[in-house]
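Peer 1: Residue-level listing of the chains:
There are 2 protein chains.
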Amino acid sequence: MLVSGRGSNLRALLEAERQSDYPAQVVAVATNRAGCPALALARERQLASRSFPISEYGGSLERRDQEMAAWLLGRGARLLVLAGYDRILTDPLLSAFPQRILNLHNSLLPAFAGTMHAVEEALAHGVKITGCTVHLVAPELVDGGPIVLQAAVEVRDDDTSASLLERIHQQEWRILPEAVRLLSLDQLRMDGRRVVRVAS
Amino acid sequence: MLVSGRGSNLRALLEAERQSDYPAQVVAVATNRAGCPALALARERQLASRSFPISEYGGSLERRDQEMAAWLLGRGARLLVLAGYDRILTDPLLSAFPQRILNLHNSLLPAFAGTMHAVEEALAHGVKITGCTVHLVAPELVDGGPIVLQAAVEVRDDDTSASLLERIHQQEWRILPEAVRLLSLDQLRMDGRRVVRVAS
Chain C
20 MLVSGRGSNL RALLEAERQS DYPAQVVAVA TNRAGCPALA LARERQLASR SFPISEYGGS
80 LERRDQEMAA WLLGRGARLL VLAGYDRILT DPLLSAFPQR ILNLHNSLLP AFAGTMHAVE
140 EALAHGVKIT GCTVHLVAPE LVDGGPIVLQ AAVEVRDDDT SASLLERIHQ QEWRILPEAV
200 RLLSLDQLRM DGRRVVRVAS
Chain E
20 MLVSGRGSNL RALLEAERQS DYPAQVVAVA TNRAGCPALA LARERQLASR SFPISEYGGS
80 LERRDQEMAA WLLGRGARLL VLAGYDRILT DPLLSAFPQR ILNLHNSLLP AFAGTMHAVE
140 EALAHGVKIT GCTVHLVAPE LVDGGPIVLQ AAVEVRDDDT SASLLERIHQ QEWRILPEAV
200 RLLSLDQLRM DGRRVVRVAS
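Heads up: the sequence lines are chains C and E, in that order. The opening position of the first sequence corresponds to residue 20 in the working numbering, with each subsequent residue numbered one higher. The opening position of the second sequence corresponds to residue 20 in the working numbering, with each subsequent residue numbered one higher.
Just chain C, same shape as in the assembly (with noise of 0.2 Å):
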């Protein structure tokens, strides 16, 4: 799992495990900001975790992601978590883990993709209604990979961009479980770009 954030994502994972048949299991924890409270909470459960700061790899995001990609499957990592991380991968990660890698997106894409301010896009937008996205990320393709789950949220009236977040979060933390459990189980299927799910 890559992650920058504070960590509610993570946090949703591993509540997730705690269901005896939930096939997934977080092994792993990197991260590119050393500080962030998503790092403190993979420490505090005592899962494997790292952080990989750009400036031990003289500025290279490739040399980095090779680091990052050799050292989360050397934990054993089958599918690669981004949440909340706020880098773009490069060719040693995406290679890693080709269709295993599973991005959270805070908008219903394809509206709001390709920022991460898609919550204050979509309000300043006066849209109605918004949600969140798991998608598989695709080379070259931000946040245009194979959608794998959605939630809608409604928007109201008297929302502020932290208030709506807040709902979006709550539904992520629904479906991003929901969709490693179904990549772990090999119940998606594609059909074109279409996402679906087939018995096991």
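Among these hints, one or two may not hold up.
Said to hold, decoys possible - Sample of chain C residues facing chain E (criterion: CB under 8 Å; computed from the structure):
hint, residue
1, P129
2, H144
3, G145
4, V146
5, K147
6, I148
7, Q169
8, R212
9, V214
10, V215
Stated by the list, open to error - To give an idea of the interface, some chain E residues facing chain C are shown, with a C-beta separation under 8 Å as derived from the structure:
hint, residue
11, A143
12, H144
13, G145
14, V146
15, I148
16, G150
17, D176
18, G211
19, R212
20, V215
21, R216
Simulated from the structure, these hints should not be mistaken for laboratory data. Cβ atoms here follow ideal geometry from the backbone N, Cα and C, with glycine treated the same way.
Given chain C, work out where chain E should sit, using these hints.
Peer 2: Only chain E this time, still in chain C's reference frame:
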């Protein structure tokens, strides 16, 4: 009201009118397509109705829209509803109903804007949630005017564009009469691009 299609949204508005406290009434139905079922429905219900084939205006959209606007205003229309109307509006119509034109689009705008095939495109893109939007028509913004209401519709793995469109229509028949009600009661205000409700 401007129509081009089968008239299901006209039917939904006429249904809403049967509520004793519904504040609006369809007073006139105009179409660009003389043979459309929506026009036949308007006649059957003995509503003022008229077709304005472009051929009668030497192919000029502006001249046609000028005639339409005069005819609609002459019937007492105070707001204009586009429901399945498949031509862009030109200035004579836009000017006749400033901030008083509602359009339906069968996606959650801004996703899948500017297309007559939003349902097919949403399905091909693989979204898990789509829906419909009622928005105010703003000059020069195709499908881009301020959003009044939206409704979300889940996409199922076995959906065809026909089955998905049918469920979207059911939401349209709910939110279009509601948007007409709010606009008629003067309960909508602009806050930037956001449309918010106020007590009238």
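Peer 1: Hint by hint, note whether the structure agrees.
Peer 2: Each hint, compared with the structure:
For P129(C), the shortest C-beta to C-beta distance to chain E is roughly 5 Å, which falls under 8 Å, so the interface hint holds. At about 6 Å, the closest approach between the beta carbon of H144(C) and any beta carbon in chain E falls short of 8 Å, and the interface hint on this residue holds. Using the Cβ-Cβ criterion of 8 Å, the hint placing G145(C) at the interface with chain E is satisfied: the shortest such distance is roughly 4 Å. Hint status for V146(C) relative to chain E: holds, with the closest Cβ pair at about 6 Å, below 8 Å.
Among the interface hints, the one on K147(C) holds; its C-beta lies about 4 Å from the nearest C-beta in chain E, closer than the 8 Å criterion. The interface hint given for I148(C) holds, since its Cβ lies 4 Å from the closest Cβ of chain E, which is under the 8 Å cut-off. Taking 8 Å as the C-beta cut-off, the interface hint given for Q169(C) holds, the closest approach to chain E being about 4 Å. The interface hint given for R212(C) is met, as the beta carbon of that residue sits about 4 Å from the closest beta carbon of chain E, less than 8 Å.
Proximity of V214(C) to chain E holds as hinted, the smallest CB-CB distance being about 6 Å (cut-off 8 Å). Because the smallest distance between the Cβ of V215(C) and any Cβ of chain E comes to about 4 Å, under 8 Å, the interface hint for this residue holds. Of the supplied interface hints, the one on A143(E) holds, with its beta-carbon coming within about 6 Å of a beta-carbon of chain C, less than 8 Å. For the restraint placing H144(E) at the interface with chain C, the shortest Cβ-Cβ distance is roughly 6 Å, inside the 8 Å limit, so the hint holds.
A distance limit of 8 Å between C-beta atoms decides the matter here; for G145(E) the minimum to chain C is near 4 Å, and the interface restraint holds. For V146(E), the suggested interface contact is upheld, since its CB lies about 6 Å from the closest CB of chain C, less than 8 Å. With a least beta-carbon distance of about 4 Å to chain C, the hint placing I148(E) at the interface is held under the 8 Å criterion. A cut of 8 Å between beta carbons decides the hint on G150(E): the least distance to chain C is about 7 Å, and the hint holds.
Using the Cβ-Cβ criterion of 8 Å, the hint placing D176(E) at the interface with chain C is satisfied: the shortest such distance is roughly 4 Å. The interface hint given for G211(E) is met, as the beta carbon of that residue sits about 7 Å from the closest beta carbon of chain C, less than 8 Å. Given the 8 Å rule on beta carbons, the hint for R212(E) holds: about 4 Å separates it from the nearest Cβ of chain C. Proximity of V215(E) to chain C holds as hinted, the smallest CB-CB distance being about 4 Å (cut-off 8 Å).
Because the closest C-beta pair between R216(E) and chain C is about 6 Å apart, less than 8 Å, the hint holds.
Checked against the numbered hints given earlier, this structure breaks none of them.
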